[in-house]
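Quick mapping for you: the protein sequence lines, in order, are chains F and V. Numbering that gives the first Met the number 0 applies: residue 0 is where the first sequence begins, and numbers increase by one. Numbering that gives the first Met the number 0 applies: residue 0 is where the second sequence begins, and numbers increase by one.
Simulated from the structure, these hints should not be mistaken for laboratory data. We treat Cβ as the ideally placed atom computed from N, Cα and C, and that holds for glycine. Treat the hints loosely; a few may be bogus.
[Stated by the list, open to error] Computed spacing ranges between beta-carbons, pair by pair:
1. R173(F) / R48(V): 48 to 58 Å
2. D40(V) / D194(F): 54 to 64 Å
3. G181(F) / D40(V): 36 to 46 Å
4. A83(F) / G45(V): 55 to 65 Å
5. D224(F) / E200(V): 51 to 61 Å
6. E200(V) / A298(F): 48 to 58 Å
7. G45(V) / P164(F): 35 to 45 Å
8. G45(V) / R173(F): 32 to 42 Å
9. E79(V) / D194(F): 46 to 56 Å
10. A166(F) / D40(V): 25 to 35 Å
11. A298(F) / E27(V): 26 to 36 Å
12. D224(F) / E79(V): 23 to 33 Å
[Claimed, not checked] Some but not every residue of chain F turned toward chain V, in silico, with C-beta under 7 Å:
13. R239
14. V243
15. E270
16. L279
17. R283
18. V285
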Amino acid sequence: MRLGPAEVDDLARGTALLGSGGGGQTDLAARVLRRALATGRPITLLDPGDVGGDGYVVPVGLVGAVSVFYERLPSGGEWTPVFAAILDRTRVAPAGVIAIEVGGVNGIVVFVAAAELGLPVIDADLQGRALPRIDQMSVAALGEPITPLAIGDASGRLLVLDGMPPAAAERVVRGALSEFGGWAAFAMRPLRVADLDRLTIPGSLGRALRLGARHAAWNRSADPDAMAAALGGRVLGAGRVLEVVRHRATVGFGRGSVIIRAHGGGLLRLEMENEYLLALADGRPVASTPDILCLLDRATGIPVSCDTVRGGLDVVALHLPGPSFWWRPGVTHAVAPRAFGLDIDPIRLDPAPERP
Amino acid sequence: MSAERAPTLRQILGYPPLAETVSLTGDEGLDRPVTGIVLVDAAGAGPVRPGTIALCPAVPAGYLSSWRLDATVRRLRDQEAAAFAVPSPAPGEETMLDGSRRLARHLGLPVLAVGHDPLRWAGDAAAFLYAPAVAAAELLHRAHRSLTGAPLGPEEVARTLSRTLERPVAVFGPDGAPITEGFGPPPGFDPYRPVTQTLTEHGGTTVVVPVPAATGWGVDAWIAASLGPVPESWARAVADVLRAGTLALQRWQATRRVVLERDARLRASLFGDLLEGRLDPGHPARRDASEIGWRLDGWHVAFHIAALGEVDLLRHTDAVAAALAAERVDATVVERGDGWSGWTTTRSEPGQDAGRDLIAALRKVRRRLASRFDCAIGVGRAHRDAPGLTRSLAEAWDASRIARGRPQTGRLVHIDRLGLAQLLTAWASSETFAPAAARLLEPLRSQPGDLVATLAAYLDAGCSAADAAAVLGVHRNTVAARLRRVEELLTVDLNNPDDRLALHLACRVTADRSAAT
Numbered sequence: 000m001r002l003g004p005a006e007v008d009d010l011a012r013g014t015a016l017l018g019s020g021g022g023g024q025t026d027l028a029a030r031v032l033r034r035a036l037a038t039g040r041p042i043t044l045l046d047p048g049d050v051g052g053d054g055y056v057v058p059v060g061l062v063g064a065v066s067v068f069y070e071r072l073p074s075g076g077e078w079t080p081v082f083a084a085i086l087d088r089t090r091v092a093p094a095g096v097i098a099i100e101v102g103g104v105n106g107i108v109v110f111v112a113a114a115e116l117g118l119p120v121i122d123a124d125l126q127g128r129a130l131p132r133i134d135q136m137s138v139a140a141l142g143e144p145i146t147p148l149a150i151g152d153a154s155g156r157l158l159v160l161d162g163m164p165p166a167a168a169e170r171v172v173r174g175a176l177s178e179f180g181g182w183a184a185f186a187m188r189p190l191r192v193a194d195l196d197r198l199t200i201p202g203s204l205g206r207a208l209r210l211g212a213r214h215a216a217w218n219r220s221a222d223p224d225a226m227a228a229a230l231g232g233r234v235l236g237a238g239r240v241l242e243v244v245r246h247r248a249t250v251g252f253g254r255g256s257v258i259i260r261a262h263g264g265g266l267l268r269l270e271m272e273n274e275y276l277l278a279l280a281d282g283r284p285v286a287s288t289p290d291i292l293c294l295l296d297r298a299t300g301i302p303v304s305c306d307t308v309r310g311g312l313d314v315v316a317l318h319l320p321g322p323s324f325w326w327r328p329g330v331t332h333a334v335a336p337r338a339f340g341l342d343i344d345p346i347r348l349d350p351a352p353e354r355p
Numbered sequence: 000m001s002a003e004r005a006p007t008l009r010q011i012l013g014y015p016p017l018a019e020t021v022s023l024t025g026d027e028g029l030d031r032p033v034t035g036i037v038l039v040d041a042a043g044a045g046p047v048r049p050g051t052i053a054l055c056p057a058v059p060a061g062y063l064s065s066w067r068l069d070a071t072v073r074r075l076r077d078q079e080a081a082a083f084a085v086p087s088p089a090p091g092e093e094t095m096l097d098g099s100r101r102l103a104r105h106l107g108l109p110v111l112a113v114g115h116d117p118l119r120w121a122g123d124a125a126a127f128l129y130a131p132a133v134a135a136a137e138l139l140h141r142a143h144r145s146l147t148g149a150p151l152g153p154e155e156v157a158r159t160l161s162r163t164l165e166r167p168v169a170v171f172g173p174d175g176a177p178i179t180e181g182f183g184p185p186p187g188f189d190p191y192r193p194v195t196q197t198l199t200e201h202g203g204t205t206v207v208v209p210v211p212a213a214t215g216w217g218v219d220a221w222i223a224a225s226l227g228p229v230p231e232s233w234a235r236a237v238a239d240v241l242r243a244g245t246l247a248l249q250r251w252q253a254t255r256r257v258v259l260e261r262d263a264r265l266r267a268s269l270f271g272d273l274l275e276g277r278l279d280p281g282h283p284a285r286r287d288a289s290e291i292g293w294r295l296d297g298w299h300v301a302f303h304i305a306a307l308g309e310v311d312l313l314r315h316t317d318a319v320a321a322a323l324a325a326e327r328v329d330a331t332v333v334e335r336g337d338g339w340s341g342w343t344t345t346r347s348e349p350g351q352d353a354g355r356d357l358i359a360a361l362r363k364v365r366r367r368l369a370s371r372f373d374c375a376i377g378v379g380r381a382h383r384d385a386p387g388l389t390r391s392l393a394e395a396w397d398a399s400r401i402a403r404g405r406p407q408t409g410r411l412v413h414i415d416r417l418g419l420a421q422l423l424t425a426w427a428s429s430e431t432f433a434p435a436a437a438r439l440l441e442p443l444r445s446q447p448g449d450l451v452a453t454l455a456a457y458l459d460a461g462c463s464a465a466d467a468a469a470v471l472g473v474h475r476n477t478v479a480a481r482l483r484r485v486e487e488l489l490t491v492d493l494n495n496p497d498d499r500l501a502l503h504l505a506c507r508v509t510a511d512r513s514a515a516t
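Chain F on its own, in the form it takes in the complex (with noise of 0.2 Å):
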């Protein structure tokens, strides 16, 4: 399918759901993607049914403070140093690019490195989610090798990583980030198209899509309960948010809680760190990570971000089932709330089927 700016809105609510509070705030991004609309270069979204099995994908994105991003947008250029030092050092021919991250900005910076690199999109990323370390990608929790990797930016700086395990990866890109002013465009190792079902989370930019779609019809009188239904989840709770904490950490991510006064007089936590991790609906552990949590403004309906709730707001909290992937026995552990040290196990919204 080739994407259009009805597809940029939907995307942009859909991978911002998918967020779950975290992976930046998409509409920036979508507008650095109708941008790269405007000039003219299709830009296609493919099933992975689509594309011949043997071939390759590289997938792509960006990694860095979301934040940053904001202040510096791309201006072009950004993803071939990366993409060619992949190429270069595996000697592959690619059939297209996926995305590292469906949620947040990364599920809408697939489509810009595409265009710019002149490739499809194949439908898959590694997350099905937002999640905040490269290690927390599928392929990492499978105990596949990530590397080779680069991160890069449009001037020629460049850092390309080989033979390093998941977690050192992360370390040393999380450590370089600072001297990319940041953010850095990144690609790694190119996938099988054949193995993109074992290995990632197909169809995940599809799902984006659709809720994205379903999501445009919320508005001030829309009920949330059957909003929540047709997104294919459950509404935790409704109400004021009383109190936001945030903890700074000296190592890692900082931490934080927002309670919620529920209308009904009961009171709805959530802990985050860069997503919402943990629901406790009067105390009780009601919805973890890796499903998805969101905040959504009760009027609106757009999602609120980790970094920007705050005391008074009018909200509803949504909780949706998360990728199956992470649900496979040996890989759950790398995303659950012991991951982000929330000593309790995960909890599993079944999925209801998506309606039609």
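Based on the hints, put chain V in the right spot on chain F.
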């Protein structure tokens, strides 16, 4: 003890050894009964029986503001715990989030901060919950130890008990008036019921126990402890502790009485010397007098406070001295017969103002003592030095006799205001003499001839029959004949001065009476 109602959380927080405890979630939910205490970990895991306080003795850093506290509160609520107890956060450390407090209130599970030694808290709370009798015995033991040293006065007994109970303790007088600092009797306290009274108002309990009088009936004082919210068993334990205090007070009173009696004997013997005018300069007893603080030089005004009815004087000597001191009467006081004699001494002769002031002060003293006993007060005139004091004391004694029969003067009589004749008449017309006078002259009334008037005129005329005849307008011989009949009828001898005095007074009183009617 098994039938005892379980104490409430509020009462546990009111138990002095647990006083550091504060509720982090406000005042709600504190009135539920508590049946036990159990230790849990920070996740609240493990079985918790309904009604128990779950105490987590150590929590990780940041726990109070974390979601785990919320989850634990929820789990404990689902197990019907009475409360969740955690160590108090250090100053500056993170405490509960507003949202968590709200959650705990919403779920109805109070969160208690129990200070910085949670295991000790647990021990104290467990002793209080499971073995209140042991905790009470321990308290009684401590009270006993602190009360059985040197004899302690009311102030010291109150202070000692207050330290033991860690609650305010006060001593009240027999009528319930506070005699130590602290607090007054609670509403509903009845000073005429000499039994232990446990009074609860606004959830706060006050226990008041009587100090039985040495005479075996009545109450000398009360000891009260203001406890705040406490369970019944604790109020009973406190009553036992206060009773230990009553023993200490009785001991102190007995000791004091021995001292007073010894003093009283010395004073009585010196007083005897004084009344008989033996305390001249140079007399050996004079040295004893100055040693016990008697001032014999200068101008003295004596007074006598006569107690009416059966009164144990020594029991009240302190109260009399206190009442005088309260009215700023700087006097030496001695027990004497039916009451207390005292005198004030000045360097120069006191003026009229000083006399008036003393009388006004003594009137107030009498009112102050009214709750203990009724009394009559006589005041003598100002006289100089030891012989003068003897005289003033005698006058005060006489005046107090008169004051007894004269409620119309407020049972307070000052010799100065009387004049000797008035004094005599006043005495003669007293309740005891007037009927006797009437009876004495009764035989004359039924006889012909105005024998009473004749006798009165004769005596008024200085025993001159001629002058009396002139006053009465009869013949001199008639007067003489009537007087002979009087002597026969009354079997008196008009040549005897004693008989004459009695008859003269009787005539005057009956004349006054018939004039009044």
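Against the structure, the hints come out as follows:
In this structure the hint that R173(F) and R48(V) lie 48 to 58 Å apart at CB holds, the actual value being about 49 Å. At about 45 Å, the beta-carbon gap between D40(V) and D194(F) misses the expected band of 54 to 64 Å. G181(F) and D40(V) have their C-beta atoms about 42 Å apart, which keeps the hinted 36 to 46 Å range intact. Taking the beta carbon of each, A83(F) and G45(V) are about 60 Å apart, inside 55 to 65 Å as hinted.
The hint said 51 to 61 Å for the Cβ distance between D224(F) and E200(V), and at roughly 52 Å that hint holds. Between E200(V) and A298(F) the Cβ separation comes to about 53 Å, which falls inside the hinted range of 48 to 58 Å. Checked against the hint of 35 to 45 Å, the C-beta distance between G45(V) and P164(F) comes to roughly 39 Å, which is consistent with it. Take G45(V) and R173(F): their Cβ atoms lie about 40 Å apart, and the range 32 to 42 Å holds.
Between E79(V) and D194(F) the beta carbons are some 54 Å apart, a value that agrees with the proposed interval 46 to 56 Å. A hinted range of 25 to 35 Å holds for the C-beta pair A166(F) and D40(V), which are about 31 Å apart. Separation of A298(F) from E27(V) is about 34 Å and conforms to the stated range, judged on CB atoms against 26 to 36 Å. Hint check: D224(F) to E79(V), Cβ distance near 32 Å, so the stated range 23 to 33 Å holds.
Below 7 Å, beta-carbon pairs count as interface contacts, and R239(F) has none with chain V, the closest being about 12 Å; its hint is therefore violated. Residue-level restraint check for V243(F) is violated (minimum Cβ-Cβ distance to chain V is 10 Å; threshold 7 Å). Residue-level restraint check for E270(F) holds (minimum Cβ-Cβ distance to chain V is 5 Å; threshold 7 Å). Taken as an interface hint, L279(F) checks out: its beta carbon lies about 6 Å from the nearest beta carbon of chain V, inside 7 Å.
Contact between R283(F) and chain V, as hinted, is supported at the beta carbon level, the nearest pair being about 5 Å apart and thus within 7 Å. Of the supplied interface hints, the one on V285(F) is violated, with its beta-carbon coming no nearer than about 11 Å to a beta-carbon of chain V, more than 7 Å.
In terms of the numbered hints stated before, the structure departs from hints 2, 13, 14 and 18, listed from lowest to highest.
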